[in-house]
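A.B. asks: Each chain, written out:
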Amino acid sequence: MSESRIAQTELHAYLDGEVDASRRAELESYFSSHEDEAQRLAEYRRNDEALRGHFAPILDEPVPNRFVDVQGPRGAKLWRYAATFGWLLIGGIIGWHLHDVKRADPAADAPAWAKRAVVAHVVYSPEVRHPVEVGADQEAHLGAWLSKRLGMQLKIPHLDALGYTLVGGRLLPGDQGPVAQFMYQDPQGQRLTLYVRVNREHYKETAFRFAQDGSVRVFYWVDRGLGYALSGEVGKEDLLRIATAVYQHLNP
Amino acid sequence: MNDFAARIEELIPRLRRYARALTGERGAADDLVQDTLERAWVKRHLWRQDSDLRAWLFTVMHNVHVNQVRSRAASSTVYLDDETADAPVRPTQSDMLEVRDIGTAVARLSLEQRQVLLLVALERMTYDETARTLGIPIGTVMSRLARARERLRLLLAGETGSASLKVVK
Numbered sequence: 080m081s082e083s084r085i086a087q088t089e090l091h092a093y094l095d096g097e098v099d100a101s102r103r104a105e106l107e108s109y110f111s112s113h114e115d116e117a118q119r120l121a122e123y124r125r126n127d128e129a130l131r132g133h134f135a136p137i138l139d140e141p142v143p144n145r146f147v148d149v150q151g152p153r154g155a156k157l158w159r160y161a162a163t164f165g166w167l168l169i170g171g172i173i174g175w176h177l178h179d180v181k182r183a184d185p186a187a188d189a190p191a192w193a194k195r196a197v198v199a200h201v202v203y204s205p206e207v208r209h210p211v212e213v214g215a216d217q218e219a220h221l222g223a224w225l226s227k228r229l230g231m232q233l234k235i236p237h238l239d240a241l242g243y244t245l246v247g248g249r250l251l252p253g254d255q256g257p258v259a260q261f262m263y264q265d266p267q268g269q270r271l272t273l274y275v276r277v278n279r280e281h282y283k284e285t286a287f288r289f290a291q292d293g294s295v296r297v298f299y300w301v302d303r304g305l306g307y308a309l310s311g312e313v314g315k316e317d318l319l320r321i322a323t324a325v326y327q328h329l330n331p
Numbered sequence: 029m030n031d032f033a034a035r036i037e038e039l040i041p042r043l044r045r046y047a048r049a050l051t052g053e054r055g056a057a058d059d060l061v062q063d064t065l066e067r068a069w070v071k072r073h074l075w076r077q078d079s080d081l082r083a084w085l086f087t088v089m090h091n092v093h094v095n096q097v098r099s100r101a102a103s104s105t106v107y108l109d110d111e112t113a114d115a116p117v118r119p120t121q122s123d124m125l126e127v128r129d130i131g132t133a134v135a136r137l138s139l140e141q142r143q144v145l146l147l148v149a150l151e152r153m154t155y156d157e158t159a160r161t162l163g164i165p166i167g168t169v170m171s172r173l174a175r176a177r178e179r180l181r182l183l184l185a186g187e188t189g190s191a192s193l194k195v196v197k
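As they're listed, the protein sequences go chains A and B. So the first sequence is numbered by our numbering: it starts at 80 and just counts up by one. So the second sequence is numbered by our numbering: it starts at 29 and just counts up by one.
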């Protein structure tokens, strides 16, 4: 019907102001003689305007604080997000682990927090450069800091008599709030972690319970409102001996 | 750095608008914005002082979104790419009946068409900025834009591709 129709992309380029002045003039004369194209151009323009109108109110919505919090040189806040990210990672690993746990069974009926303890052990114990956030050289600070974050007085057991020295500790996100993890190491580099969380569900004390996930063994128990899980890739008997020492240290 | 944070803060409403239009829902959009801001903050050393912060932020958001879509696609959904989008997604009669507003119509575009359309028409980026933000050639921007606008027009006009059924305006 019409000779030499323009390329569709050029029609849009015209609409978006992407053509230079001389071509612009040519296109204007083209549209004046091609009503169907001019109509479609007008329709595109109307739709663009409708699009902007439709989404415009979002620009006036108050910005949630969580967005503003992300930035700024406020290390603590950033750290909180970092913790969330770490948590997602841990969540992923838990999923992957649960898969394993079902097969290995002894841990299948372990409470979720004990499984988390195992995952935290798996995540941090191989760490070479940053196994802990606060080292044993600042033990007093470590204890005070984690006690404050968990909202309960924590004691850091000493296991030197069993050949394990304190490496330090870190704060972790638990399912219901902050959790503490202490790490110990023997002269061969074998590491144990003690995971401590506030037991909000019930304050009932429990006996030692045992679970195993792959090569990681864990003894866990509840004592005076705190849940403890001692994890390591050591024999069950050895681990029990150490868990007993931890318990005794906490209940002199 | 404070200046950087303040300037990013000014751009948050625009990031939210684009994210909302792109994902079509508030929750997913705000998650996208948050992930983008976190990533931008972590990667802030990569931003060059003299470059356009908005373009940089939108590039970050695009990359974050691509990753989100990819990980979601890996778990459940199959996303159509630009080349296949036109054929199976061509509006059917029942589609037409559901398209009530432009938001719904935009949601029916393929992701790649939507990205280009939103950056050009909503965010008013130049073709060049759009191409750099999405990491595609300008020619691709132009062809996707043409297809996106045409598809949107057909959806809103209530026309099928075959034009045999025409709803009176």
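If you are wondering where the hints come from, they were derived from the structure by calculation, not from laboratory data. For glycine and all other residues, C-beta sits at the position ideal for the given N, C-alpha and C. Check each hint, because a few of them may be wrong.
Facing chain B, according to a computed beta carbon distance under 7 Å, are these residues of chain A, among others [stated by the list, open to error]:
| # | residue |
| --- | --- |
| 1 | GLN87 |
| 2 | THR88 |
| 3 | TYR93 |
| 4 | GLU97 |
| 5 | LEU106 |
| 6 | TYR123 |
| 7 | ASN126 |
| 8 | HIS133 |
| 9 | TYR203 |
| 10 | VAL313 |
| 11 | GLU316 |
Sample of chain B residues with no beta-carbon within 10 Å of chain A, all distances over it, derived [what the hints assert, rightly or not]:
| # | residue |
| --- | --- |
| 12 | GLU37 |
| 13 | GLN77 |
| 14 | ASP78 |
| 15 | LEU139 |
| 16 | THR154 |
| 17 | PRO165 |
| 18 | SER171 |
| 19 | ALA174 |
| 20 | LEU184 |
A.B. asks: Each hint: holds or not?
C.D. replies: For each hint, the structure was consulted:
1. GLN87: 4 Å, holds
2. THR88: 4 Å, holds
3. TYR93: Result: violated, 12 Å to nearest chain B Cβ.
4. GLU97: 6 Å, holds
5. LEU106: 15 Å, violated
6. TYR123: 5 Å, holds
7. ASN126: 6 Å, holds
8. HIS133: 5 Å, holds
9. TYR203: With a closest approach of 21 Å, the TYR203(A) hint is violated.
10. VAL313: VAL313(A) check fails; min Cβ-Cβ to chain B is 37 Å, beyond 7 Å.
11. GLU316: 42 Å, violated
12. GLU37: Non-interface label fails for GLU37(B): nearest chain A Cβ at 6 Å, not farther than 10 Å.
13. GLN77: 17 Å, holds
14. ASP78: The claim stands: ASP78(B) keeps its Cβ more than 10 Å from every Cβ of chain A (closest is about 20 Å).
15. LEU139: 16 Å, holds
16. THR154: Label violated. Min Cβ-Cβ 7 Å, cutoff 10 Å.
17. PRO165: Per Cβ check, PRO165(B) is outside 10 Å of chain A; nearest 12 Å; holds.
18. SER171: 6 Å, violated
19. ALA174: Not fine: 4 Å to the nearest Cβ puts ALA174(B) too close to chain A.
20. LEU184: Given that some Cβ of chain A is not farther than 10 Å from that of LEU184(B), nearest at about 6 Å, it is violated.
In this structure, the earlier hints numbered 3, 5, 9, 10, 11, 12, 16, 18, 19, 20 are contradicted, and the remaining ones agree with it.
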